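Next come the chains, spelled out residue by residue.
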Amino acid sequence: MSERNETSLESQLAELASRAQPSADGWQAILARARRQDRRRRSAVAAALSFAVVVATIVVWPRLHPGNHGTGVSVASPTVAAPPGARSPGPAAWVSGNQLWVYSGSGALRPVTGSSPAADPEWSYDGQWISYLRGANTAHPELWVVRPDGSGNTEVWNGKPGGIEWSPTAEELAVSDTPAVGIGGLAIVTPNGTRQTVVPYSSEVNSFAWAPDGQSIALSEVMAPADTFASPLDIVTVHGPDAGRTTTVLRAGPDVGIAVGPWWPSGKGLLYWFEPQYSRSVEASGLTLMSTTLAGTAPVTLATTLVSLPWLSWAPNGQLLVVSGSGAQPSDNKSLELCTPATGACTKVPTPADTVSLDPSVSPDGQQVAFVLASQSASATSAWFATRRLWVFDLDNLADAHAVAGASAGTALPSWGADGLTIGYSTATDVESIPAAGGKPTVVSGAAALTGSTGLDGETALGKTTWASHAVWAPASGWMAG
Amino acid sequence: MGAVVWPHDLVSLYRTRYDDMVRLAFLLTGSSAEAEEIVQEAFVKIRNRIDRVDNPSAYLRTTVVNGCRNRYRRILVERRHAEPAERASYDRVDELNDALTALAIRQRTVIVLRFYAQMSEAEIAQVLGCRPGTVKSLCHRGLCELRRVIQP
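Line order of the protein sequences matches chains X and E. Take the first sequence: its letter number 281 is residue 281 in my numbering, and every next letter is one higher. Take the second sequence: its letter number 81 is residue 81 in my numbering, and every next letter is one higher.
Treat the hints loosely; a few may be bogus.
[As the list claims (entries may be wrong)] Estimated spans, in silico, between C-beta atoms of each pair: (1) E/52 <-> X/318: 49 to 57 Å; (2) X/375 <-> E/148: 51 to 59 Å; (3) E/16 <-> X/11: 48 to 56 Å; (4) X/213 <-> E/12: 20 to 28 Å; (5) E/16 <-> X/365: 26 to 34 Å.
Read the hints as simulated data drawn from the structure, not as lab findings. Bear in mind the structure is a predicted one, so any value in this text is a computation, not a measurement. Positions of the beta carbon are idealized from the N, C-alpha and C atoms, including for glycine.
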């Protein structure tokens, strides 16, 4: 080959190479690949550790202790063993057959004796207590608390609850009473029987939300007559030297109520919806989600949403995932948006055409989001429910949304485990968990997990996807509890 | 938000070498999409080792070349079953691309590293894990195959 030919080859190779067009987002692609690889590695390590534990339990322990074939763990009766080798996001509670059931997170299912008819289980911030309603559909519902091991089952309040919420920092519950229009009040009750009045019985609290530090509560009262008194959005300090102090953030116009949403994770602002004529039917078709600082300055609009707390999920960095869209049916016109509450900027999460996106849940490390993707349908029939699938995406790469391979059909309300590797969810018949990277789902309980609404305000009829008996997983980390 | 901490050297390497590596991988695979994937995968592979290597740039290039060689068999199979692309025009560079594709992967690699990446036979031998004499032989045979295309 002559020198001239070699020079020609060099120039032609350079010309050919110039036809490659490196993309501008190569670095983002590298980051996403690295993250996927890390997740696969963590899953593999966790699986290997689980396998080692199983081997040690089944093989090594009996050889070392030939007279004792147990695992050394004392489990009180009655319990049901979970599947061997089951991995789960941690403890969970749900209602099946009208009874409250608790899963320990590592092996045993336990019905709570004397809990029937139970509904709406919720965990305390530290996972030490579960609250639930007994007789939710009766004239006199009772609020009970019980420890996950079944002990301490105690009635702490009775009345007609408008809202119930555990403090994010203490073992205490705020509960509003709504016996009739214009009265009821708000109280804080504890498992040991104490009771603190926040709003007197002579006033009706429309809705409320604990501050992230557990020191105050944002609330809105129903003002009567509605057409003359503007409902305030108040912050009431409930603990500390300033207990009892009330600060008004803003006021609605005449005949307009305020539905209080969650606080910003920083505690410097909060979300809310204006509720024209206090109308639940107007609310059911979608309201504008607003965001304000505690000073009430320059509120911003985020998106049109249903007033449904499971459809709002915070990331640790203060960004908010919202199920946006109007209409009462969860199967119609619902999509995910990532919003910055301080500015009102929202970005739609791209998903396939003719689908809806629901039930967002941000992972504990704030890097991933699990959600439910389902086909678009005019009404939420059982056939539509079967199209609900578990999907995930990286928060810094919204375009990378993809299905979790192996997850069962009919997924509802996914929730991350504290390890950030496992996702728990409910189906129409099971409580299940699955590695976030995909795999074979573990059936934690074959009991019917979703059996109907609480009946409180006819929530299901108004399009909210709440069920009395979906599995509620214990808090994964502090910031999520808020 | 991101918990992954990236070595500063790797970020610098991306800025200075990413485009070059994609072009190199394109010459070795004939596919722009495959080239990007291979280079991105190479960055992921070396991210935890970059602090321990003397010449990160050369290490990256070797990883990319090995990535291309590992994938080349699959790329060839896919190309064999793919519909031929419609071309608006067909020039000498297209001819060169087709001729490169027809070469054995080791010949193609040697030609590209020698005449595009301007590497010496000793450096190529190190990347391929063979003797310099083998590189010389592969280069000679590859150039004979290409002679038809690169005649002036």
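Evaluated hints:
Taking the beta carbon of each, residue 52 of chain E and residue 318 of chain X are about 37 Å apart, not inside 49 to 57 Å as hinted. Checking the proposed 51 to 59 Å range against residue 375 of chain X and residue 148 of chain E shows it holds: the Cβ atoms sit about 56 Å from each other. At about 23 Å, the beta-carbon gap between residue 16 of chain E and residue 11 of chain X misses the expected band of 48 to 56 Å. Range check, residue 213 of chain X to residue 12 of chain E: about 42 Å between beta-carbon atoms, so the 20 to 28 Å window is missed.
For the hinted restraint 26 to 34 Å between residue 16 of chain E and residue 365 of chain X, the CB-CB distance of approximately 31 Å keeps it satisfied.
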